[in-house]
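Under this note's numbering, the first residue of the sequence shown is numbered 1, with each subsequent residue one higher.
These are computed hints drawn from the structure, not numbers from a lab.
It should be emphasised that the depicted structure is a prediction, and the values quoted were computed from it without experimental measurement.
Be aware that a few hints might be false.
[What the hints assert, rightly or not] Cβ pair distances, simulated, as ranges:
| id | residue 1 | residue 2 | range |
| --- | --- | --- | --- |
| 1 | Q179 | D257 | 21 to 29 angstroms |
| 2 | A46 | K266 | 45 to 53 angstroms |
| 3 | A46 | V283 | 46 to 54 angstroms |
| 4 | Q179 | Q316 | 49 to 57 angstroms |
| 5 | N276 | R329 | 19 to 27 angstroms |
Each residue gets a CB set at the ideal place from its N, CA and C atoms; glycine is no exception.
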Amino acid sequence: MPQCPHLVAAPRPEPNLPWTRPIRRQLAQVRAIIRNELSGDALPEAIRPVLGHIAAAEGKMIRPALVLLAGLACGKMTQKHVHVATIMEMLHQATLLHDDVLDQARTRRGMPAANRIWGDTAAILAGDLVLSRVMACCAGLGSKTSSEIAAMAGQICRGELHQVLRRGHWQITQQEYLQFIQDKSAVFFAICCRLGATLSGARQGYVKALESYGLLVGMAFQISDDLQDLLSGPQPCHDLATGTVTLPIIHMLEIADAGTRRQWTKRLDSGTYRPNELAKALVDHGSVAYTNQVIKGYLDQALRYLDAIRPSRPRQYLTSLAHYCAGPRS
Numbered sequence: 001m002p003q004c005p006h007l008v009a010a011p012r013p014e015p016n017l018p019w020t021r022p023i024r025r026q027l028a029q030v031r032a033i034i035r036n037e038l039s040g041d042a043l044p045e046a047i048r049p050v051l052g053h054i055a056a057a058e059g060k061m062i063r064p065a066l067v068l069l070a071g072l073a074c075g076k077m078t079q080k081h082v083h084v085a086t087i088m089e090m091l092h093q094a095t096l097l098h099d100d101v102l103d104q105a106r107t108r109r110g111m112p113a114a115n116r117i118w119g120d121t122a123a124i125l126a127g128d129l130v131l132s133r134v135m136a137c138c139a140g141l142g143s144k145t146s147s148e149i150a151a152m153a154g155q156i157c158r159g160e161l162h163q164v165l166r167r168g169h170w171q172i173t174q175q176e177y178l179q180f181i182q183d184k185s186a187v188f189f190a191i192c193c194r195l196g197a198t199l200s201g202a203r204q205g206y207v208k209a210l211e212s213y214g215l216l217v218g219m220a221f222q223i224s225d226d227l228q229d230l231l232s233g234p235q236p237c238h239d240l241a242t243g244t245v246t247l248p249i250i251h252m253l254e255i256a257d258a259g260t261r262r263q264w265t266k267r268l269d270s271g272t273y274r275p276n277e278l279a280k281a282l283v284d285h286g287s288v289a290y291t292n293q294v295i296k297g298y299l300d301q302a303l304r305y306l307d308a309i310r311p312s313r314p315r316q317y318l319t320s321l322a323h324y325c326a327g328p329r330s
């Protein structure tokens, strides 16, 4: 597929989110390091537009923020926190490149997805190249930290593979779905918080509390993301079109009468539904309200774990970040 340099966007403005206030300088460092890692002069000319496009597609930096804010909440933040935060964001970028191929996404972070510009093969290999940079960056960490990141990456892959293999299985239980998202998403948040606390030399009680907070915020984040996919967003029901079954659908099929369940299972299988029609059915069956209750439950549990952390401005920012992750996001 020919290169399309005109589609490669300039870096996006940094989002002005309240929980970034105490870490803006460090997040700017993370962005700069990533741009440097993905746009080095050693790269062949043909590759630079692809990796430059990836570097330009900057997101909200939630995972790096968790590393940095967890460190601050435990009393200090060092350059090593910035290093680990960078690794976590690059790892996230690599997973997004692969996700967009799996889901045949058209856009990513407001820009054309890399697979739409350069094709699936190039996008997969670009993700692999970013992963190789992650491995190189991990070489500067201690073996314990590197091992934790490697174990987390394995769990993410396991969760993603498990969910992909269950696409189109409309009888998935809530328990199975929650295991998918814990493995593929929430554990990422948990390890970001854990490493941020550990790098600050925090006592074990703080480390465990922040790790649990991260896991629960990650659960709320993914469920909220899945709900938004069904109700709004640039491509409503995009996940559903790939056969990915999420909590609102599971709940509706569980509580619907046998006839309605058969009808919707058939329509979901064949794709013969309109997004607004499905959204109405989810509302009418109480599945949207139920999903929002589950999200709130995870949020409330996460905030209770923060009670173990000494009251401080960083703790307040972690509270703000949790509310952001649990709510609808643009």
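Outcome of the hint check:
| no. | hint | result |
| --- | --- | --- |
| 1 | Q179 <-> D257: 21 to 29 angstroms | holds, 28 angstroms |
| 2 | A46 <-> K266: 45 to 53 angstroms | holds, 47 angstroms |
| 3 | A46 <-> V283: 46 to 54 angstroms | holds, 49 angstroms |
| 4 | Q179 <-> Q316: 49 to 57 angstroms | violated, 32 angstroms |
| 5 | N276 <-> R329: 19 to 27 angstroms | holds, 21 angstroms |
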